[in-house]
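Protein sequence lines, in the order shown, are assigned to chains A and B.
Here the first sequence stands for residues 1 to 404, numbered as in this note's numbering.
Here the second sequence stands for residues 1 to 404, numbered as in this note's numbering.
Take the hints with a grain of salt, since some may be wrong.
When chains are identical, the list treats them as one kind, so a pair holds in a single copy or across two.
[As the list claims (entries may be wrong)] Here are the simulated lysine-lysine pairs, DSS-like style, with alpha carbons at most 27 angstroms apart:
id	residue 1	residue 2
1	LYS117	LYS243
2	LYS190	LYS300
3	LYS107	LYS400
4	LYS30	LYS388
5	LYS243	LYS89
6	LYS196	LYS5
7	LYS16	LYS400
8	LYS175	LYS5
9	LYS107	LYS243
10	LYS148	LYS294
11	LYS196	LYS89
12	LYS117	LYS107
13	LYS116	LYS293
14	LYS87	LYS373
15	LYS373	LYS117
Derived by calculation from the structure, the hints in this document are not laboratory data.
Number of protein chains: 2
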Amino acid sequence: MNRSKISSSLQIQIIKEKHDLLPGIMEENKIDCWIIFVRETASNPDPIMGLLAGGDIVWKTAFIFTFKEGKFTKIAIIGNGDANAEKRKRIWDEVIGYDNGFSSLLKTYIDKFNPKKIALNYSLDDVVSDGLSHGMYLNIEQILSTHKEKFISSKPLVHNVRGRKTKTEIDLVQKACELTEEINQIASKKIKVGMKETEIQEIFFEEMENQGVEEAWQRSCCPAIDAGPDKELGHDGPRDDLKIQKGHTLHNDFGVRLNGYCSDIQRMWFFGTEDEIPEELIHAFNSVRDAIKKGSEYIKPGVTGHSVDTIARDYIVSQGYLEYPHALGHQVGTQGHDGGLLLGPLWERYGDVPRGLVEENNIFTLELEVTTKNYGMVSLEEDIVITKDGCRFLVPPQTKFLTL
Amino acid sequence: MNRSKISSSLQIQIIKEKHDLLPGIMEENKIDCWIIFVRETASNPDPIMGLLAGGDIVWKTAFIFTFKEGKFTKIAIIGNGDANAEKRKRIWDEVIGYDNGFSSLLKTYIDKFNPKKIALNYSLDDVVSDGLSHGMYLNIEQILSTHKEKFISSKPLVHNVRGRKTKTEIDLVQKACELTEEINQIASKKIKVGMKETEIQEIFFEEMENQGVEEAWQRSCCPAIDAGPDKELGHDGPRDDLKIQKGHTLHNDFGVRLNGYCSDIQRMWFFGTEDEIPEELIHAFNSVRDAIKKGSEYIKPGVTGHSVDTIARDYIVSQGYLEYPHALGHQVGTQGHDGGLLLGPLWERYGDVPRGLVEENNIFTLELEVTTKNYGMVSLEEDIVITKDGCRFLVPPQTKFLTL
Numbered sequence: 001m002n003r004s005k006i007s008s009s010l011q012i013q014i015i016k017e018k019h020d021l022l023p024g025i026m027e028e029n030k031i032d033c034w035i036i037f038v039r040e041t042a043s044n045p046d047p048i049m050g051l052l053a054g055g056d057i058v059w060k061t062a063f064i065f066t067f068k069e070g071k072f073t074k075i076a077i078i079g080n081g082d083a084n085a086e087k088r089k090r091i092w093d094e095v096i097g098y099d100n101g102f103s104s105l106l107k108t109y110i111d112k113f114n115p116k117k118i119a120l121n122y123s124l125d126d127v128v129s130d131g132l133s134h135g136m137y138l139n140i141e142q143i144l145s146t147h148k149e150k151f152i153s154s155k156p157l158v159h160n161v162r163g164r165k166t167k168t169e170i171d172l173v174q175k176a177c178e179l180t181e182e183i184n185q186i187a188s189k190k191i192k193v194g195m196k197e198t199e200i201q202e203i204f205f206e207e208m209e210n211q212g213v214e215e216a217w218q219r220s221c222c223p224a225i226d227a228g229p230d231k232e233l234g235h236d237g238p239r240d241d242l243k244i245q246k247g248h249t250l251h252n253d254f255g256v257r258l259n260g261y262c263s264d265i266q267r268m269w270f271f272g273t274e275d276e277i278p279e280e281l282i283h284a285f286n287s288v289r290d291a292i293k294k295g296s297e298y299i300k301p302g303v304t305g306h307s308v309d310t311i312a313r314d315y316i317v318s319q320g321y322l323e324y325p326h327a328l329g330h331q332v333g334t335q336g337h338d339g340g341l342l343l344g345p346l347w348e349r350y351g352d353v354p355r356g357l358v359e360e361n362n363i364f365t366l367e368l369e370v371t372t373k374n375y376g377m378v379s380l381e382e383d384i385v386i387t388k389d390g391c392r393f394l395v396p397p398q399t400k401f402l403t404l
Numbered sequence: 001m002n003r004s005k006i007s008s009s010l011q012i013q014i015i016k017e018k019h020d021l022l023p024g025i026m027e028e029n030k031i032d033c034w035i036i037f038v039r040e041t042a043s044n045p046d047p048i049m050g051l052l053a054g055g056d057i058v059w060k061t062a063f064i065f066t067f068k069e070g071k072f073t074k075i076a077i078i079g080n081g082d083a084n085a086e087k088r089k090r091i092w093d094e095v096i097g098y099d100n101g102f103s104s105l106l107k108t109y110i111d112k113f114n115p116k117k118i119a120l121n122y123s124l125d126d127v128v129s130d131g132l133s134h135g136m137y138l139n140i141e142q143i144l145s146t147h148k149e150k151f152i153s154s155k156p157l158v159h160n161v162r163g164r165k166t167k168t169e170i171d172l173v174q175k176a177c178e179l180t181e182e183i184n185q186i187a188s189k190k191i192k193v194g195m196k197e198t199e200i201q202e203i204f205f206e207e208m209e210n211q212g213v214e215e216a217w218q219r220s221c222c223p224a225i226d227a228g229p230d231k232e233l234g235h236d237g238p239r240d241d242l243k244i245q246k247g248h249t250l251h252n253d254f255g256v257r258l259n260g261y262c263s264d265i266q267r268m269w270f271f272g273t274e275d276e277i278p279e280e281l282i283h284a285f286n287s288v289r290d291a292i293k294k295g296s297e298y299i300k301p302g303v304t305g306h307s308v309d310t311i312a313r314d315y316i317v318s319q320g321y322l323e324y325p326h327a328l329g330h331q332v333g334t335q336g337h338d339g340g341l342l343l344g345p346l347w348e349r350y351g352d353v354p355r356g357l358v359e360e361n362n363i364f365t366l367e368l369e370v371t372t373k374n375y376g377m378v379s380l381e382e383d384i385v386i387t388k389d390g391c392r393f394l395v396p397p398q399t400k401f402l403t404l
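Turn these sequences into a full structure, and let the hints steer you where they fit.
Rendered as structure tokens:
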């Protein structure tokens with residue numbers, strides 16, 4: 001039985017929890033109207049739709065949330081072919097169906113409400129706030145031409161809606177993390193010296209099938225499998241020409257999708273006894289582990305994303321290693337990379353994203369790697385949820401090499 | 001074993017076949033540069049990427065196709081974390097990796113090539129040509145500000161690349177259609193008078209699981225199941241309060257995803273003997289069947305999409321029925337609704353899409369419904385591939401009610 005997708009009833013439950021958060025989020029961000037504008041979402045989905053509407057629609061649809069003078073209203077203007085299914089969700093104040101004339105329905109509704117601002121799903125630097133395609137932007141710009149100057153990015157709304165995980169969501173990510181560690185343990189019993197990276201990946205694929213779950217990101221590198229000193233880490237898949245050798249390491253970067261929610265965890269093995277682990281590897285492992293620990297001890301609601309990255313980055317450099325070429329952490333949820341605030345450095349690549357503030361109930365990875373002179377890379381990744389005054393690891397962090 | 005996803009090797013084969021079509025398509029459309037600009041495609045995919053690059057990427061990536069003076073070049077500017085996986089596909093002339101400085105790499109490359117036009121994936125009316133998000137459009141507008149006036153929609157390129165199915169693709173859609181009919185036959189043996197719509201849907205879900213395939217569109221209405229006169233058709237799911245009765249019809253709208261390619265077929269059952277089928281239902285069935293037949297006899301390369309719709313629409317009206325409230329046909333491929341040319345009427349909702357010309361190796365549905373006075377709706381859908389001078393049904397069309 002496939003357990004990777006979320007059930008309709010669980011999804012509707014989470015959507016209702018998210019809708020309950022919306023009036024507060026819209027008030028905080030001083031935005032009185034948010035339009036999610038989509039079509040044929042099976043081909044071109046908007047990443048926020050699963051959390052606020054669910055399912056797929058075919059014809060042009062506007063999901064409209066408004067908040068004015070304490071009154072929160074949510075409606076759908078939707079093709080008649082999709083309207084009944086939408087009504088049965090019982091999540092909208094009104095479902096307005098159409099066969100023709102979508103544009104005039106939308107224009108009339110917005111003219112009447114006359115919002116101060118209209119948030120749309122576009123963002124230069126954040127993919128999950130960027131679900132509006134350029135063609136659909138051109139469409140809504142035509143339809144609402146008299147309101148055009150009110151258009152703003154919905155990014156702050158999306159960040160709050162996605163980032164503030166509900167209790168249901170935190171439980172789901174935790175369960176995905178627990179299953180990931182369970183599969184790591186089962187696989188540990190099957191992995192042997194002499195195996196190819198590709199053979200090891202197959203062990204994980206088999207166990208994912210046994211468990212009825214799917215990979216959290218693309219299958220070719222989920223799990224990523226990296227054996228020994230000759231493999232560069234990255235989003236690269238396993239190789240047929242690299243085998244596990246005694247005295248070498250094994251690394252994986254692995255997550256599953258269980259009930260629609262993901263995990264993202266990295267683990268390290270050593271082939272030999274604990275006594276045989278070279279000093280160089282122990283130093284590297286402890287440095288990575290402790291950089292993650294320092295990040296986890298520092299992080300709490302209200303700190304900036306980049307300040308968390310700096311704690312870990314400075315520490316790893318102080319231990320004699322190069323900076324890791326990526327962010328310390330990203331959010332995890334319905335996607336392995338769930339978007340929103342990054343715990344990242346202020347590099348061009350990350351734009352303004354790391355300047356945001358950490359919030360309670362955010363779920364982040366903490367991950368980094370170092371390169372050793374003789375034994376390749378050492379890399380770990382843990383998943384944490386932000387609590388009222390700190391954070392909690394969703395599964396216990398790795399504290400030493402797993403030896404096989 | 002899950003057979004719904006395409007294997008990497010089969011996908012790469014199709015990508016190579018599509019790349020071989022590209023120089024001709026770019027020349028025909030007089031476009032010398034096409035940029036597919038994406039990031040985090042697991043969260044926000046571009047519908048064309050599966051046919052021209054495959055897999056997922058994390059950091060900003062530009063896949064660039066150029067064609068000038070008979071020379072076709074294809075390159076990827078891609079984050080170093082993704083670059084190795086991209087190189088191993090062996091489909092690019094060059095893979096340019098980066099850690100930082102994507103913008104300057106892209107600008108330098110385009111400045112040097114200095115194209116006459118730059119096709120980007122946006123379209124007001126066609127979803128599969130609209131994979132560029134608005135935020136990413138704003139990004140590339142900044143990066144290539146000196147080339148901005150050259151930007152045009154890639155829609156004609158996307159239509160040709162998606163629409164001209166390769167032999168491999170036609171075989172895959174045909175296999176999905178054959179399996180759909182096989183499941184329809186297996187289900188026929190299990191469907192009984194008295195069953196609820198929801199129970200009938202479960203029969204299909206079970207057999208899809210047995211076969212290791214997934215639904216071609218959203219599960220809640222794939223298959224759509226419609227029992228008797230009280231059910232309106234549409235993208236609505238099955239109901240718990242509607243049961244099959246003797247003397248009534250059953251309709252389904254069903255497709256599977258097998259090896260990444262879809263089918264989309266509608267079938268009709270009658271509960272009773274052939275002699276018991278009311279005249280009214282027979283007239284409706286034959287009218288729908290013959291409208292599809294007339295469309296199939298008319299369609300061939302070079303005719304407009306709307307002219308095919310007109311043939312079927314005029315016929316069904318001549319038989320005393322109302323016009324069907326949708327297009328006669330859409331394309332089928334990696335999606336149930338594969339985009340591109342529609343066999344549709346010239347209504348606002350469809351924009352200019354139906355004005356395009358039918359091409360050899362396009363795969364279309366032919367589908368329509370009528371409403372009877374006493375027995376609800378009668379609706380059929382067939383899948384055809386366009387041949388050199390006509391079309392071929394991928395599986396035999398339904399010619400009379402299946403009786404149970």
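Against the structure, the hints come out as follows:
1. LYS117 <-> LYS243: neither (58 angstroms within a copy, 48 angstroms between copies)
2. LYS190 <-> LYS300: For LYS190 and LYS300, the Cα distance exceeds 27 angstroms both inside one copy (39 angstroms) and across copies (57 angstroms).
3. LYS107 <-> LYS400: Answer is neither: 61 angstroms inside a copy and 46 angstroms across each miss the 27 angstroms cutoff.
4. LYS30 <-> LYS388: So LYS30 and LYS388 pass the 27 angstroms test inside one copy only (24 angstroms; across, 59 angstroms).
5. LYS243 <-> LYS89: Classified as between: cross-chain Cα gap 21 angstroms, same-chain 51 angstroms, threshold 27 angstroms.
6. LYS196 <-> LYS5: Classified as between: cross-chain Cα gap 24 angstroms, same-chain 31 angstroms, threshold 27 angstroms.
7. LYS16 <-> LYS400: neither (42 angstroms within a copy, 45 angstroms between copies)
8. LYS175 <-> LYS5: Intra 14 angstroms, inter 25 angstroms, cutoff 27 angstroms: intra and inter.
9. LYS107 <-> LYS243: Neither: 62 angstroms inside a copy, 41 angstroms across copies.
10. LYS148 <-> LYS294: neither (46 angstroms within a copy, 46 angstroms between copies)
11. LYS196 <-> LYS89: between (48 angstroms within a copy, 20 angstroms between copies)
12. LYS117 <-> LYS107: within (15 angstroms within a copy, 34 angstroms between copies)
13. LYS116 <-> LYS293: Neither: 45 angstroms inside a copy, 54 angstroms across copies.
14. LYS87 <-> LYS373: between (61 angstroms within a copy, 26 angstroms between copies)
15. LYS373 <-> LYS117: neither (55 angstroms within a copy, 48 angstroms between copies)
Of the numbered hints listed earlier, those contradicted by the structure are 1, 2, 3, 7, 9, 10, 13 and 15.
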